[in-house]
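Residue numbers (this note's numbering), protein chains in the order written: chain L, 1 to 266; chain V, 1 to 160.
No wet-lab data here; the hints were simulated from the structure. Glycine included, every Cβ here is placed at the ideal spot set by N, Cα and C. Mixed in with the good hints there might be a few duds.
[Unchecked claim] Here are the simulated distance ranges between beta carbons:
| # | chain 1 | residue 1 | chain 2 | residue 2 | range |
| --- | --- | --- | --- | --- | --- |
| 1 | L | LEU19 | V | ASN25 | 53 to 59 Å |
| 2 | L | THR200 | V | VAL137 | 42 to 48 Å |
| 3 | V | THR100 | L | GLU173 | 39 to 45 Å |
| 4 | V | ILE11 | L | GLY207 | 40 to 46 Å |
| 5 | V | LEU82 | L | THR15 | 17 to 23 Å |
| 6 | L | LYS215 | V | MET91 | 52 to 58 Å |
| 7 | L | ALA137 | V | TRP149 | 41 to 47 Å |
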Amino acid sequence: MARKRIKVSRRMLFTWFMLAGFILLFAPQKLTNKFQFAFARIFRWPLSIGRNLSILAHTQQPNDNIFRRRESQYQNYIATLEEQLRQKHQMLEEVTGLRQRFPLEGAKLVPADVTTAFLDSSRSELIINRGKNDGLAEGWFVLGDNGVIGTISRVDSRNAQVRLITDPSSGIEVKIDQLNLRRIMQGAGSNYARITNISTEHKVKTGSRVFALKKPGLLDTPIVTATITQCKPDDQNPLVWDITVEPVCNLETISNVAVIIMNPQK
Amino acid sequence: MRWFRFAILIILAAVLQAGFLARWNIRPDLLLILLVFFAVHSGTTEAIITSFVIGFAADLIGSSMGPQIISFGLFGTLLAYLHRLIAIRKMPYQTAAIFTVGLFAELLAYLLSRLISQPHIQNAYALIFATSLYSAVVGPFLFLPFAWWMHIKTQRFGKH
Chain L
1 MARKRIKVSR
11 RMLFTWFMLA
21 GFILLFAPQK
31 LTNKFQFAFA
41 RIFRWPLSIG
51 RNLSILAHTQ
61 QPNDNIFRRR
71 ESQYQNYIAT
81 LEEQLRQKHQ
91 MLEEVTGLRQ
101 RFPLEGAKLV
111 PADVTTAFLD
121 SSRSELIINR
131 GKNDGLAEGW
141 FVLGDNGVIG
151 TISRVDSRNA
161 QVRLITDPSS
171 GIEVKIDQLN
181 LRRIMQGAGS
191 NYARITNIST
201 EHKVKTGSRV
211 FALKKPGLLD
221 TPIVTATITQ
231 CKPDDQNPLV
241 WDITVEPVCN
251 LETISNVAVI
261 IMNPQK
Chain V
1 MRWFRFAILI
11 ILAAVLQAGF
21 LARWNIRPDL
31 LLILLVFFAV
41 HSGTTEAIIT
51 SFVIGFAADL
61 IGSSMGPQII
71 SFGLFGTLLA
81 YLHRLIAIRK
91 MPYQTAAIFT
101 VGLFAELLAY
111 LLSRLISQPH
121 IQNAYALIFA
131 TSLYSAVVGP
141 FLFLPFAWWM
151 HIKTQRFGKH
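All chains, full assembly: derive it from the sequences and hints.
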């Protein structure tokens with residue numbers, strides 16, 4: 001039986017598609033994200049192959065990189081421990097007699113694999129293969145090589161999106177090693193972040209560590225997150241530093257991360 | 001139009017863009033090149049459909065849903081109508097078309113994403129310019145394999 005062909009005018013077609021576009025644009029991101037997560041989930045194999053090929057093409061000495069990565073992991077761990085020790089001493093001095101928990105005591109680390117990475121100057125995000133089903137929620141901190149690399153920005157049942165510290169929309173509260181100043185570290189894309197509003201009266205050294213500060217319910221101890229790579233007076237306001245930092249972990253080659261769940265439900 | 005082949009091509013381009021090419025900061029936009037290719041090498045109705053589908057694919061690998069579907073759909077449709085008046089068959093014209101469509105479509109997508117409170121990107125305009133330029137240089141050379149895959153006869157393949 002011959003099928004009746006429905007004719008739709010071009011104008012109508014265009015209008016309907018535009019309408020669909022605007023609906024997608026203004027629909028809640030929680031709903032529209034499902035499309036992106038579904039794509040990442042369905043094509044995780046070819047996406048990861050493409051990413052691994054790209055990493056391989058840029059990695060010439062694999063053994064050297066493994067050793068460097070291990071060294072970086074230990075250094076990050078030591079830096080975090082040193083900072084925790086310093087904080088403990090401060091606490092002891094301030095509130096002697098009060099019982100304190102050890103940092104990250106009772107916290108649960110959920111290991112996850114990176115399925116897709118979007119790293120350029122416009123966005124720095126990872127898609128990981130853990131989601132609501134694994135107990136993840138938005139806002140939780142994510143570790144890579146023992147350093148904070150970002151926070152969970154969107155969660156699906158089986159996947160989650162990690163907004164890295166270098167993403168232009170990322171802003172986390174940090175302190176620079178030895179300086180007792182709380183500042184916001186703003187992502188700048190392309191594997192960099194910036195810390196501003198620190199007076200040039202303070203001595204800031206290149207190579208100093210930057211720590212993600214405590215956040216009630218999300219992080220109960222400062223954890224190393226970045227290293228200062230450049231420090232120069234701000235072009236617009238020479239009285240403050242323009243500090244450029246680089247993550248302590250190589251975000252381009254990272255393949256697995258851990259999500260910190262501070263108070264896991266048993 | 002061979003829609004199955006079209007679907008495979010779009011998926012392949014999206015996966016390549018989000019996987020292999022994602023590491024490069026400035027890279028050609030394969031979906032933009034495909035947008036111009038289909039706007040130039042298919043009928044107007046098909047060009048409208050392909051433009052929106054390619055925009056949807058670009059949104060899937062983008063930071064939010066909506067901006068690219070609107071911008072690609074709009075400029076793909078405009079290019080398809082323009083192609084009825086001016087034939088965009090020669091390589092320099094194709095380069096110019098990719099560059100112009102790239103500039104306007106990416107700019108509109110960026111402004112739309114800002115509208116839904118996406119963050120401001122440093123050097124966004126420079127990045128849009130560089131991506132459009134890169135795509136314009138690479139694009140016309142990719143038209144040949146695209147035409148071969150889609151079984152579309154171009155000037156280089158035969159008579160019209």
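Here's how the hints hold up against the structure:
no. : hint                               : result
1   : LEU19/L with ASN25/V: 53 to 59 Å   : violated, 35 Å
2   : THR200/L with VAL137/V: 42 to 48 Å : holds, 44 Å
3   : THR100/V with GLU173/L: 39 to 45 Å : holds, 44 Å
4   : ILE11/V with GLY207/L: 40 to 46 Å  : holds, 45 Å
5   : LEU82/V with THR15/L: 17 to 23 Å   : holds, 19 Å
6   : LYS215/L with MET91/V: 52 to 58 Å  : holds, 55 Å
7   : ALA137/L with TRP149/V: 41 to 47 Å : holds, 44 Å
Consistency with the previously given hints fails for number 1 only.
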